[in-house]
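Student: Now for the letters of each chain:
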Amino acid sequence: MAERSGADILVQCLVDLGVDTVFGYPGGAVLPIYDTIYEHPTIKHVLVRHEQAAAHAAEGYARSTGKPGVVLVTSGPGATNAITGITDALMDSIPIVVITGQVATHLIGSDAFQEADTVGLTRHCTKHNYLVKDPGDLARVIHEAFYIATAGRPGPVVIDIPKDVQVATAEYERPALNAHPRYQPQVEPDPEAIARAADLIAAAERPIIYSGGGIINSGPEASAALRALAEMTGAPVTSTLMGLGAFPASSPQWLGMLGMHGTYESNWAMNQADLILCLGARFDDRVTGRLDAFAPNSKKIHVDIDRSSINKIIPVDIPIVADSGRAIEALIAALKARGFKKPDLRDWWHRIEEWRARKSLDYIEMGKEIMPQRAIAALYEATRGRQTIITTEVGQHQMWAAQHFHFDAPNKWLTSGGLGTMGYGFPAAIGAQLGNPDALVIDIAGDASIQMNIQELGTVIQYGLPVKIFILNNEYMGMVRQWQELTYESRYSHSYSDSLPNFVKLAEAYGARGIRIETRDQLEAGIAEMIAHPGPVVVDCHVVKLSNCFPMIPSGAAHTDMLLDPSQVSGIMDDEAKALV
Amino acid sequence: MHIRQEDSERHVLSVTVDNEAGILARIAGLVSARGYNIESLTVADVSEDHRVSRITIVTQGPPRVVDQIIAQLERLVPVHQVRDLTDTGPFVERELALIKVAGTGEVRSEALRLAEVFRAKVVDTTLESFVFEITGPTSKIDTFVTLMRELGLVELCRTGVVGMLRGASA
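Residue numbers (the numbering used here), protein chains in the order written: chain A, 8 to 588; chain B, 181 to 350.
It is worth saying that the hints were derived from the structure and are not from the lab.
It is possible that some hints are incorrect.
Unchecked claim - EDC-like, lysine to aspartate or glutamate: derived pairs with alpha carbons at most 16 Å apart:
#	chain 1	residue 1	chain 2	residue 2
1	A	Lys319	B	Glu200
2	A	Lys319	B	Asp247
3	A	Lys306	A	Asp206
4	A	Lys343	A	Glu238
5	A	Lys140	B	Asp247
6	A	Lys319	A	Asp299
Said to hold, decoys possible - The calculated label-pair distances, taken between Cβ atoms and stated as ranges, are:
#	chain 1	residue 1	chain 2	residue 2	range
7	B	Val303	A	Asp324	41 to 47 Å
8	A	Pro182	B	Gly202	21 to 27 Å
9	A	Glu178	B	Glu313	49 to 55 Å
Positions of the beta carbon are idealized from the N, C-alpha and C atoms, including for glycine.
Isolated chain B (complex conformation) (with noise of 0.2 Å):
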């Protein structure tokens, strides 16, 4: 006996919450109970009075799971509003990398290159070493960061996506 496997998709969910103790765990908590995968989850909180905070979770599974997930959410009390950006759309997606590179000589300079070359800045220097910090689309940053492995990349670290319809209107 094998165990059946659905195609997935991708879908890119942002959620507005109450911003109160717990949430994040509530929510963290629900997806893993009901065995759906995140990719990558953010929390902030967003409102002027601090009660409100917006996460966006990016999340794989088959149309109907999705749909699921998005259900389950609208259910927590504390959940104020569940978004699928992916099926709303068009939307914008950014993601924000702090990447070291530790190097001397022409894998060095290579790899300023190459920064330049992705808009990625310098935050921190030493004579054999950067940090760069980058954003973009999620697979901006994985291009990146696969060119850096071969360049002496030593610590790496993402915010995970955050992200918000296009147009006017919120």
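Chain A extracted, bound-state conformation (with noise of 0.2 Å):
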């Protein structure tokens, strides 16, 4: 058999595995694999302006169409940039794959050029990482990698190469799929603990069923066997952050997000349920609130492929390692088994009526000016009955969005969950533009978080892809400004986003369109504008500056202490809730 460069090697990897696209950036490291893929007939490669952009939009890309992202960056700063969007990746369970050159195996440890140790600076924020030393072994570990990325619980995989092993020659032979000989996770539920959960689920008068990003990663199959068992069970529904979709909000058994900003009903619902139905979700401290008072009176069915997410923060009654797709339809079954019929839930139903009645998404109006919510909802009503794939930056706007974008199904939603990263939105959102080329993809960002990725414009111009970035400008850095009226006395300290620039003349300095919306009057028409021109658009939309999210729950408090308005808010928080995230 004719022997192959490493470099070669690789790239007849990606292909094998069926990889169309790699967002990258190249670099003195990763030279001979840049050339490998020049003019390549089939993977695309598109150049970000910013390495941690090229992770965020492998994320992006991954979670709108299922299929792994891939990252191929330089050593050094490559690959140190490309560490918060990895982090990312690990803490939403994202699948992405990052290829990252290295100095010459000779050269490692020696402070060479642009020299950084990737494996060791990503251990703890990868699910998996390796260094491949000898050409000879890159096949397999690349598919190694790809199955680790995807099997399981998702998660980022690094792969370092040293330029010398992408330059020198071994066999290649394509491996057997799936060819971890031992990692294996356990994704079939077990008989026994189902047939007791499907037992409380018979037995229960106040059910919920709190679904997370678990059934969104488990695929469509998942999201379509949530709602057959919410149909069969009559019970209502929320969902954390990451699972927007995967239930649809214009069912009536939706509730709405739960947790620190969701809605009253839900909330309310969580804390007086005698049995909750955790699927895909792992109880996060933006959930739970006081975790002394959360849920007190409830079993807990807790379903994850990830074992240790289970009685990590909640201990819970009946754990089931498993998918939680195959987990909901041996329930199903389970539940069929035994005659089961739609319980009578009425009395239930009465009293998260009167929670939903308190109507806690509302928002006053405020003469001319754009109240937030009024754009996102503008926003939604603008898009509905188009394929729409929203993503978002990290703070108020992206809460807003949560709260008053209501999502019919699974991997519409990509934000920026459990790292929290501002900057996440527009890359995302280009990444999703390459996998959806034919859906409206929207970041809806703020003005501060727009700033730590925008050098992405001149990406979406030069593969003329039309996202639209509709940003919420309020001049601040608005969830921060919110924490320290609520902490600090409003001091204001740095939340004030001064020196903003001229975001219309940015957008047209970049070959975009830019539109500014300042009044009421002007967001339909804007929005329209928008959304019917083809190319990319940065929309200025001008909001009430002081405008707060509600509600919410304070940090440390239970659910049942929910503030809906800002008339609610009396005095600071003492230490202990200061100390808390």
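Join these two chains into a complex; the hints should help.
Tutor: So this is what it looks like as structure tokens:
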């Protein structure tokens, strides 16, 4: 068999694995690989303007298509710049494979030019990582990396390839798929646990389904199964930020998101439930609030593909380690087998409707100015019926988007939940647009977050990507300011967005369309113009500067201590609360 | 405001892993990143083909935290199996220490007498020093070390604990 260079083997593996898009940035230590993909017939390389954006774009591609995203960056700064995106993918369980160049093997450890200890630096922000020192190992490692990134709980995998390994040669034989000899996550649920869970569901008087990103990661079948289970049981459904879209927001059984900025009805229903069925979520601190007051009188069933998520924060009655979709299907089968009939939950629903009647997402309009919630609602109305994918940055705008944009299908909502990465949304939108060329992809942004990766305007222009950036501009890092109001007597320490650029002119400087919306009467027309324009658009939507995101469970408070509007804010937090994130 | 503490207990974990570069850093880093305590950690290659290493970790934590440590270790791709010897029990644990004691006259002979009581071996000697080798459970070594400090201990080196379940099965 003829020998091939390491770079050639790498690219052949990507082709064999069905990779069509790579997000990257060239540099000295990856030149052999870049030479191999030069004018490649099937692999499209997308040149970003900063390696962090490459990782987020790969995440956006992965989350919107269900296929792993691929990143290619150079050694040293290329790798370190990608680390925020890699960590983001770890926290949100997103499958990406990051290929980093490394200095030649004989130079490793010598402080060579653009050398960084990439495997050392990424050891704890990846699901797994590799340093490949022999081109003969490349094929196995690359196939294994794609398997590990996608199997079980998905996550990022880094492959660090020294430059001499890219140049040296070895024989290439395509390895068998799913080649890892031992890493075989448990996906099928334990039938006995399923039977006990079915007992609890059958006996519950006040059940609630609490679903999360695990349903999205499990695939569209899991979302379908979730809908079937909800239909079968008549139980109310709430979801984490990561899980939005798995259950249709248009269903009467949908209570809205739960947690810190969740709805009144979902948080009260969690608090008062006698059975919580947690499907692919992990009792994050943003969901539970004060732990000793969390759902005090409920039995809990927890389905998670990652054993370490179970009993980590909240002790549960029935742990089920499994793929969430398979577990739901097994639950449905178990319920059917025992002749389960939809129970009479009228009393429970009566209480829920009372909470719902508080209309916790309502807001008061302020004259001609645009309330941020109004802007999101208008965006939602204008894009209904289209194939729309929403990404966000991090902050108030993200929570308003989660509250006021409603999703009926999975993989349409891409947001940085775990790591909370400002600068995520725009590159993620680029990845989503490449994976879904016909979709309307909108990054709902804030004036501060968007500046963290705004250089990617160059990328959307270069590749003709019609991504829309919709900035809710309140001239503040709004969530920081909101917390300073709640915690530090409104001392706005460095949370004012001073010296903002003219976003319209900035867009135009790159060759994109810029639109400014300043008053309510301009809102619908501005959004329509944004949607109608065939290329990339930056919308600078000026909103009420000091409005805050409600409802809110203050840090360290219980679900029942929700603040519904600013008038309920009294005093400042004590030190215990201040110390919580 | 004060930082809260929970009651903790000692557990001996036996972990089998792929014998690959960086595995020790992976394990030690996981433990430190998640804020767990390690009392000792030993590692050596144990398989005929040199592909599998066995790590013994002694850790302290509330039961809930120990359970998390095990779950987190099991999540690592190169980890084959994690066994909590303390929970699975009964098990044997041993540690080896080298202890250098310097002195002359009565102190020197007392050190040698105590070493015999503890079944420590003399592995090096000069006219004014001994190096003792002692194996046993941690508590035995602790006691011997405390006595030797009184008698002129100048240097101490311990391996950390290795442990194995009692009985016929692996």
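Student: The structure should be examined with respect to each hint, and the outcome stated for every one.
Tutor: Here's how the hints hold up against the structure:
no., hint, result
1, Lys319/A x Glu200/B, "violated (29 Å)"
2, Lys319/A x Asp247/B, "holds (9 Å)"
3, Lys306/A x Asp206/A, "holds (12 Å)"
4, Lys343/A x Glu238/A, "holds (13 Å)"
5, Lys140/A x Asp247/B, "violated (36 Å)"
6, Lys319/A x Asp299/A, "holds (14 Å)"
7, Val303/B x Asp324/A: 41 to 47 Å, "violated (56 Å)"
8, Pro182/A x Gly202/B: 21 to 27 Å, "holds (22 Å)"
9, Glu178/A x Glu313/B: 49 to 55 Å, "holds (50 Å)"
Hint check: violations occur at hints 1, 5 and 7; the rest are consistent with the structure.
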